[in-house]
Amino acid sequence: MMSRLLETFSARHLVYLVVLLAVTVPLLLNTRLTHTASDETKRFYANIDSLPSGSVVLMSFDFEASAFAEIKPLAEAVLHHCFRQNLRVIGLSLFAEGTALGEQTLSRIAGETGKAYGTDYVYLGFRPQYTSAILAIGESLPKEFPTDYFGVATATMPVLSGVTNYDQIATVISITDGGMPTYWVDYAVTRYHARLQTVLTATMATSFYPYVSSGQIQGLIAGLKGAAEYELLLNESGGGGRGLLAQSVSQVAILAIIVVGNVVGYLGRRRKWQ
Amino acid sequence: MTNRLAWIATLVTGLFMVAQYFIKTNATNAIYSTLLDYYQIIFAVSMIVGGIGLLKQHSLKVQRSSQRRGYSIVTIAAILFMVIAAGIFGTGATSPYQWAFNNLQAPMQATTFSLLAFFVASAAYRGFRVKSTPAFVLALAAVIVLVGKSGFGEMISQQLPAMAGWVLNNPSTAAKRGILIGVGIGSVATALRVILGIERSYR
Numbered sequence: 001m002m003s004r005l006l007e008t009f010s011a012r013h014l015v016y017l018v019v020l021l022a023v024t025v026p027l028l029l030n031t032r033l034t035h036t037a038s039d040e041t042k043r044f045y046a047n048i049d050s051l052p053s054g055s056v057v058l059m060s061f062d063f064e065a066s067a068f069a070e071i072k073p074l075a076e077a078v079l080h081h082c083f084r085q086n087l088r089v090i091g092l093s094l095f096a097e098g099t100a101l102g103e104q105t106l107s108r109i110a111g112e113t114g115k116a117y118g119t120d121y122v123y124l125g126f127r128p129q130y131t132s133a134i135l136a137i138g139e140s141l142p143k144e145f146p147t148d149y150f151g152v153a154t155a156t157m158p159v160l161s162g163v164t165n166y167d168q169i170a171t172v173i174s175i176t177d178g179g180m181p182t183y184w185v186d187y188a189v190t191r192y193h194a195r196l197q198t199v200l201t202a203t204m205a206t207s208f209y210p211y212v213s214s215g216q217i218q219g220l221i222a223g224l225k226g227a228a229e230y231e232l233l234l235n236e237s238g239g240g241g242r243g244l245l246a247q248s249v250s251q252v253a254i255l256a257i258i259v260v261g262n263v264v265g266y267l268g269r270r271r272k273w274q
Numbered sequence: 275m276t277n278r279l280a281w282i283a284t285l286v287t288g289l290f291m292v293a294q295y296f297i298k299t300n301a302t303n304a305i306y307s308t309l310l311d312y313y314q315i316i317f318a319v320s321m322i323v324g325g326i327g328l329l330k331q332h333s334l335k336v337q338r339s340s341q342r343r344g345y346s347i348v349t350i351a352a353i354l355f356m357v358i359a360a361g362i363f364g365t366g367a368t369s370p371y372q373w374a375f376n377n378l379q380a381p382m383q384a385t386t387f388s389l390l391a392f393f394v395a396s397a398a399y400r401g402f403r404v405k406s407t408p409a410f411v412l413a414l415a416a417v418i419v420l421v422g423k424s425g426f427g428e429m430i431s432q433q434l435p436a437m438a439g440w441v442l443n444n445p446s447t448a449a450k451r452g453i454l455i456g457v458g459i460g461s462v463a464t465a466l467r468v469i470l471g472i473e474r475s476y477r
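Chains as they are written, first to last, in my numbering: chain A, 1 to 274; chain B, 275 to 477.
Quick caveat, the hints were computed from the structure, so don't treat them as lab data.
Accuracy of the hints is not assured; some may be wrong.
Said to hold, decoys possible - Stretch-level coverage of chain B by chain A, calculated; a stretch enters the list once three of its residues show a Cβ under 8 angstroms from a Cβ in chain A: (1) 317–331; (2) 349–356; (3) 391–398; (4) 424–430; (5) 438–451; (6) 465–474.
Stated by the list, open to error - Estimated spans, in silico, between C-beta atoms of each pair: (7) E112/A <-> F290/B: 23 to 33 angstroms; (8) I305/B <-> S50/A: 37 to 47 angstroms; (9) A304/B <-> A153/A: 22 to 32 angstroms; (10) I315/B <-> T156/A: 35 to 45 angstroms.
Stated by the list, open to error - Here are some, though not all, of the chain A residues that point toward chain B, as calculated from beta-carbon distances under 7 angstroms: (11) R12; (12) H13; (13) V15; (14) T31; (15) H35; (16) A37.
In this text, a Cβ means the ideal position worked out from N, Cα and C, and glycines have one as well.
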């Protein structure tokens, strides 16, 4: 059995084994990496920190369940910050799958920080067709969401008092694993001059640097590193810090795999020449 | 006749949507707001049509008794379960719909997504070979960004994160901006083709 397993063991399996160990061992060690916050994360943090108490934050949970492990620490850290600042949080989702996960995350963090539903935060639920939903919020948020996720009328909720469109929203935060910030820029920022920040998976960050440098996105944090940095600024411990070592070790492992791949490739080519 | 009606509807709606961006009156705002409502309604209905289409497609596969009929049966059962469970018990926190989402769909999607790490590593081993100057530049940029953006970057050198930031904010952003401008111009051209009836995907 063992010899048969070894016979079929190829370089690909070795790569898989290295990645498995690189991810799991650091998680089991439960060690945290010493790090500092980047300027990017500090800017996002400062944007939230500078908002006066009672300001309205529209948080859109635009991600799928597949990316939740990476998005969750980021969303939790930003929510902690918002509630610590006594900001009013309006949650919604433009992705059907993000709806339940957004509600669970928002309710849990609100519960941990002692915030009251309807007064300090509300969850408006899902709206199909994100472009029209983003535009419709710009026209009238109460008309677009006459009831919340649970079917309760929103008109009398203190958290939504005086909120009619983006003019009363201090910042929109799109928490996403895809291209949603592009739509927020195209339809909310360009047309209604909304102030947008975004929370992303690490792989998506590169796509949105042009919007950050143009000022259309005012703040961006991404990946487990972003979450760990945000937790550092908040002086809290969370999933970002826990996952950073595992992610960093796997990144170095992939780098080592690339180097080994090149050496093996070079040796193979040299053998051919000879 | 139907085609012409569809084109006229596209032309009128398209031109109105362009015009209302610049002309702000109560009437244009009211029509615009109504159009946004219809946009969402049509999208919601299209999701139902898509669901029915998916059910039909998989029902056919089951009937034809293909080798992969098992997957189709699971798909049909999953769709029907979620629709019926949501219809009868709602989508609340303790509903069967939510239970299935939290305990089946979310872990399955997370598992599938996690497998990407293994495939990326395997692909990097086999495909990331430095055989030419452009490949070397690509590999160098990848190494700088990968290490600079990892947790070890600043431990190795304080300059590494700054170098990674430079790569992302300058060459990468410049290339991305060029692509975005191209996409923007392409979108305008495509929109014009649809409005003017040159492109008729609804035919």
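Going down the list of hints, with the structure as the test:
1. Note: the region 317–331 of chain B has 3 residues with beta-carbon separation from chain A under 8 angstroms; the three-residue rule is met and the coverage holds.
2. Chain A is given as covering the region 349–356 of chain B, and this is violated because 0 residues of the stretch bring a CB closer than 8 angstroms to a CB of that chain, at least three being needed.
3. Judged by the Cβ-Cβ criterion of 8 angstroms, the region 391–398 of chain B is covered by chain A as claimed, because 6 of its residues qualify and three suffice.
4. Look at the region 424–430 of chain B against chain A: 5 of its residues bring a Cβ nearer than 8 angstroms to a Cβ of that chain, three or more, so the hint holds.
5. For the region 438–451 of chain B, the stated coverage by chain A is satisfied: 7 residues place a CB nearer than 8 angstroms to a CB of that chain, which reaches the threshold of 3.
6. Judged by the Cβ-Cβ criterion of 8 angstroms, the region 465–474 of chain B is not covered by chain A as claimed, because only 0 of its residues qualify and three are needed.
7. For E112/A paired with F290/B, a C-beta distance near 48 angstroms fails the hint of 23 to 33 angstroms.
8. A hinted range of 37 to 47 angstroms for the beta carbons of I305/B and S50/A is consistent with their spacing of about 39 angstroms.
9. Separated by about 23 angstroms at the C-beta atoms, A304/B and A153/A satisfy the suggested range of 22 to 32 angstroms.
10. For I315/B and T156/A, the Cβ-Cβ distance of about 27 angstroms falls outside the hinted range of 35 to 45 angstroms, so the restraint is violated.
11. A distance limit of 7 angstroms between C-beta atoms decides the matter here; for R12/A the minimum to chain B is near 5 angstroms, and the interface restraint holds.
12. Given hint, H13/A at the interface with chain B, is violated; its Cβ is 9 angstroms from that chain's nearest Cβ, farther than 7 angstroms.
13. Satisfaction of the interface hint for V15/A is found here, the shortest Cβ-Cβ separation to chain B being roughly 5 angstroms, below the 7 angstroms cut-off.
14. With a least beta-carbon distance of about 11 angstroms to chain B, the hint placing T31/A at the interface is violated under the 7 angstroms criterion.
15. Of the supplied interface hints, the one on H35/A holds, with its beta-carbon coming within about 6 angstroms of a beta-carbon of chain B, less than 7 angstroms.
16. Restraint check, A37/A versus chain B: the minimum CB separation of about 11 angstroms is more than 7 angstroms; hint violated.
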